[in-house]
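In order, the protein sequence lines correspond to chains Z and H.
Mapping of the first sequence onto our numbering: residues 1 to 840, in sequence order.
Mapping of the second sequence onto our numbering: residues 1001 to 1295, in sequence order.
Be aware that a few hints might be false.
[What the hints assert, rightly or not] Listed next, the stretches of chain H that the computed footprint assigns to chain Z, with coverage defined by at least 3 CB atoms under 8 Å from CB atoms of chain Z:
#1 1202-1213
#2 1228-1239
#3 1244-1253
[To be verified] Pair ranges (Cβ atoms, derived):
#4 H:Pro1245 <-> Z:Asp78: 41 to 47 Å
#5 Z:Arg414 <-> H:Glu1198: 55 to 61 Å
#6 Z:His433 <-> H:Ser1199: 57 to 63 Å
#7 Z:Gln424 <-> H:Glu1198: 53 to 59 Å
#8 H:Pro1245 <-> Z:Lys455: 56 to 62 Å
#9 Z:Thr395 <-> H:Pro1245: 57 to 63 Å
#10 Z:Leu287 <-> H:Glu1198: 29 to 35 Å
#11 Z:Leu287 <-> H:Ser1199: 32 to 38 Å
#12 H:Glu1198 <-> Z:Pro412: 50 to 56 Å
#13 Z:Ser105 <-> H:Thr1188: 39 to 45 Å
#14 H:Pro1190 <-> Z:Ser105: 32 to 38 Å
What the hints contain is simulated information worked out from the structure, not anything from laboratory work.
Just so it is clear, CB atoms sit at the ideal spot from N, CA and C, and this is done for glycine as well.
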Amino acid sequence: MVWETQRDSCKIHNHRKTIYSKATSPGSAVSEKVRNRLEELDDLEEGSQKELLNLTQQDYMNRIEELNQSLKDAWASDQKVKALKIVIQCSKLLSDTSVIQFYPSKFVLITDILDTFGKLVYERIWSMCTDNYHSSLPENFMPENVSDTAKETCLNWFFKIASIRELIPRLYVETALLKCNKFISKTGVSESIPRLTATIRGIGDPLVSVYARAYLCRVGMEVAPHLKESLNKNFFDFLLTFKQIHGDTVQNQLVVQRVEMPVYLTLYSPAIDWILQCIAYRAPEALLTEMMERCKKLGNNALLLNSVMCAFRAEFIAARSMDLITMIKECDEAGFPKHLLFRSLGLNLALADPPENDRLQILNEAWKVITKLKNPQDYISCAEVWVEYTCRHFTRREVNTVLADVIKHMTPDRAFEDAYPQLQSVIAKILAHFHDFAVLFSMVKFLPFLDMFQKESVRVEVCKSTMEVFIKHQQELTRDPVILNALLHICKTMHDSVNALTLEDEKRTLSILINGFIRMVSFGRDFEQQLSFYVEARSIFCNLEPVLVHLIHSVNQLAMETRKVMKGNHSRKTAAFVRACAAYCFITIPSLTSIFTRLNLYLHSGQVALANQCLSQADAFFRAAVSLVPEVPKGITVDGKTRPSEGFLFEFLSNFFSTLLVVPDHPEQGVLYLVRGLLNVIQDYTWEDNSDTKVRIYANVLHLLAAISQESYLYHVGKVDSNDNLYGGDPKFLAEINKLCETLILQILDHLKTLGRDETLKRQSALALFLFNSILAHGDLRNNKLNQLAVNLWNLAQKHGFADTKTMVRTLEYIKLQSKDPELRHFSELASRLPLQSRT
Amino acid sequence: NCLIIRSVGCIQTNYFNEVLSGVVVITSKDPTQHQGISLTMEGTVNLQLSAKSVGVFEAFYNSVKPIQIINSNIEVLKPGKLPSGKTEIPFEFPLHVKGNKVLYETYHGVFVNIQYMLRCDMRRSLLAKDLTKNCEFIVHSLPQKGKLSSSPVNFTVTPDSLQNIRERGSLPKFLIRGRLNSTNCFITHPLTGELVVESSEVPVKSIELQLVRVETCGCAEGYARDATEIQNIQIAEGDICRGLPIPIYMVFPRLFTCPTLETTNFKVELLVQLGIGVESENLQGENYCRKDVRS
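For reference, chain Z alone in the conformation it holds in the complex:
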């Protein structure tokens, strides 16, 4: 590689070989030359520094990213000189403090490039060793294991860097290559770090120098974590130059750039924090104490104090809280922002506990200062942190006081509007510590605190998190009026946020939370109170259907609870109460939009009313259900997909019919008027073209009618006389039923005829068999007509070869088996009339 020859290396930096003689040249010529040197930036081909002056921050970052990329490209294309030039160019930017607030960000961007560079060089030299030895170097290799070429290359790098004219690039680039010292000698790193530490003293600007120290410490920790000495030395050197901050040079610069001192000082924090963190890592207690003492000696400097609190172990800080508070209080007002100091202390106290005896005093002392902070943002950033401490060690009384103070500070000029995240975090911290909602709401200021969240989205977030905690931690049912009021208020807030634009998911989440709350409310035996709570809840949560559904179920449950308590015998009072429950449901259901929900709730509520002997209410529910059926749409949306509704309707109707068995006829209406009504509706309903659902329902109604014609019904509702008792097997009643059956069977047979076409023969066969089975199970086959019908259906099922032979065989065997029953002797005769068609 040509560039690694020594001649080239010198070309890079000594390309301006001006010649002058000290003896003969006049002084001005020399001055001229050096002035040029000072002002002229090395003319590197790639992007000069001046170009970067008029850029926005984003452009600047993009530009640096470009440099980073071109570094990688240059390296990849073996242009090592160019790569080094780019790195020097970049690190040169770090001597520029013309936009001082941007300096820390710039530092991060540029050290990133330096790290990349250091890694590239290290890996290259590493690979030179591997080539020669055919196996890679061990992780903890010795310089003896390194080949001579690798060593020579490495040395060349260091010679090259040593000849970089400017201090800051030389320093940074050498630091970036610190790890490469390992190739040359064992002691290389441990010699370089102290030297570099000392070299940093040459940097005049305190900000630039502290960041250079931070970088050195960072790389040092990475390469040689055991070399702690230099870390301390760096920090002490920094303390020595600390007074520079107040020097004229810095102050003038701040005036020119219009930067306030407190803002300027905060720019130091990241660097000092980092240095101190390196020092504090696994450091003995004594060292930390010494560090703190040294900071103290510099007149309680707030900047240092803050960094000490950020970097040192929380336990260490917590144990000295009282001292620190005293020190903070003594700090100069004009310097580093005090609220940051209290914030840092608070952060430590959130992690570690101070001595038991100091706790209250710490809170008092700290809060005394915090409460005096004028700027709401400063105030809340402190208060937010200290709430954690208060919650950890004190009772609701103190927390309440804190809340009151926060409200007092954040209310004027609607300051809370800019502090929602902090206020939210306050709530989160309180909720994390107070799970008992009775205690929580006994803090007078809790709800007023919630009222500060006036932006709806934030407000709802807070309410949601509160409810989540409630649902998670509330173990017992409650009737505590404080909790109920407060939570109703919170739930109402959540509910009121629902509008036309609210997403379904959001509605579902809110409903689950509100339902969770409703579930936890119980007034014990005071059912009326419970009902009136449900009434109130209904009026509050009317826009959330899942909540209404939940309420209807709750009220039904309440009615059944009442029945249980009364053991089925309602007093006049309880009868009135359950009627009220029914009325509640009856007027609530129509407000729901989902039709199946309504249908099911009508049916369910009707069943509950029936169970509570509220016949007219039950009747009303069933009638409502009947009149609702025509409105069932053909398709309904389930989980965002449209599905045909027939299946659901079939299911519902079957359920409905089985309930209708026990519903007694209305004294003023005709026989089985509900069944007839429902049949009319079914007949008029527009069914799917290619489905047999309607006929299957008719078949099910046949089963029902068979059950109704029994002398004593299969099931009853307690204390309710069903039709079996009302009619007592009256022949007229039975005749009505027969007539109805005949009509139905005719309808079914008509339908079977329409299925005579080729493509529907399979359905015809299945349906015929279904009807056959129905007749077999429910019909009286001693009746000749019915018997003949059954035989015809059997034949129809087999006629076109679509019947499943196995099923037919099994059915026939069943009939034969049944015929052994003395009462069913006629089955054997039937069986003899049922031929089995063989496939072959």
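We have chain Z; now place chain H onto it with these hints.
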């Protein structure tokens, strides 16, 4: 036909009686007839005057001619015939200095050049041209052990101590103290020391170390002295903290420096100059310390 000399390593010599060893490689397709192969070693010091000096020393200029340090000749092979292919002839060549001359280290400067060449000649019959090949070899002194006494020097820079300033009155007041750990350094070791800005009326902008090489050519009639900047290293940037010592540290660049040389005809020395820039004006202070560098 091709002729290559490959000398083995460079000569590391302290005094005389060292030997240059190597190998002459001859490759040819056909067998070659030759009239003998010989090696010639030549060492010269070339002096040149800078343009600035020419006016003053024009007469003198002509008198500057290369000084020969060494010139000797050996025969490697008697006339004969070489087989085809590659022939390697190893040789050892003692270094015999001419008269009472000293064998200086190889050095390439601007005005002074010390160069050692090895020439290989293959004489051939009248019809064919003679073949010649030149090759430079480097003379490098072995480090002298324990001979260098460290001689620390303290220095102070004030407006009054400056030598090359016209208007002394207009200078702002400052006081800079410093120390060089030694004015005699090994060329392989860095120059170290430290420096304290005790006070300065105006903010410091930069402090730089300048490594300057001074070459002097001359004889009894007069001399020419030329300085060249070799390296410039910034050791302080910005308004540094007063009273805090900052380190002076400079690594000597590998090729452009050499140990200090002093002979009757020429001299090569290294100087370190201190440049201090302050904000209001440009360079204000300049200080120099002569420094001997030993290999």
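The hints, checked one at a time:
1. 1202-1213: holds (count 7)
2. 1228-1239: Holds, because 12 residues of the stretch 1228-1239 of chain H bring their Cβ atoms closer than 8 Å to Cβ atoms of chain Z.
3. 1244-1253: n = 8 at 8 Å, threshold three: holds.
4. H:Pro1245 <-> Z:Asp78: 41 to 47 Å: 42 Å, holds
5. Z:Arg414 <-> H:Glu1198: 55 to 61 Å: 57 Å, holds
6. Z:His433 <-> H:Ser1199: 57 to 63 Å: Roughly 59 Å apart at Cβ, these two residues keep to the hinted range, so it holds.
7. Z:Gln424 <-> H:Glu1198: 53 to 59 Å: This hint holds: roughly 57 Å between Cβ atoms.
8. H:Pro1245 <-> Z:Lys455: 56 to 62 Å: With Cβ atoms ~59 Å apart, the hint holds.
9. Z:Thr395 <-> H:Pro1245: 57 to 63 Å: With Cβ atoms ~58 Å apart, the hint holds.
10. Z:Leu287 <-> H:Glu1198: 29 to 35 Å: Roughly 33 Å apart at Cβ, these two residues keep to the hinted range, so it holds.
11. Z:Leu287 <-> H:Ser1199: 32 to 38 Å: 35 Å, holds
12. H:Glu1198 <-> Z:Pro412: 50 to 56 Å: 55 Å, holds
13. Z:Ser105 <-> H:Thr1188: 39 to 45 Å: 42 Å, holds
14. H:Pro1190 <-> Z:Ser105: 32 to 38 Å: 35 Å, holds
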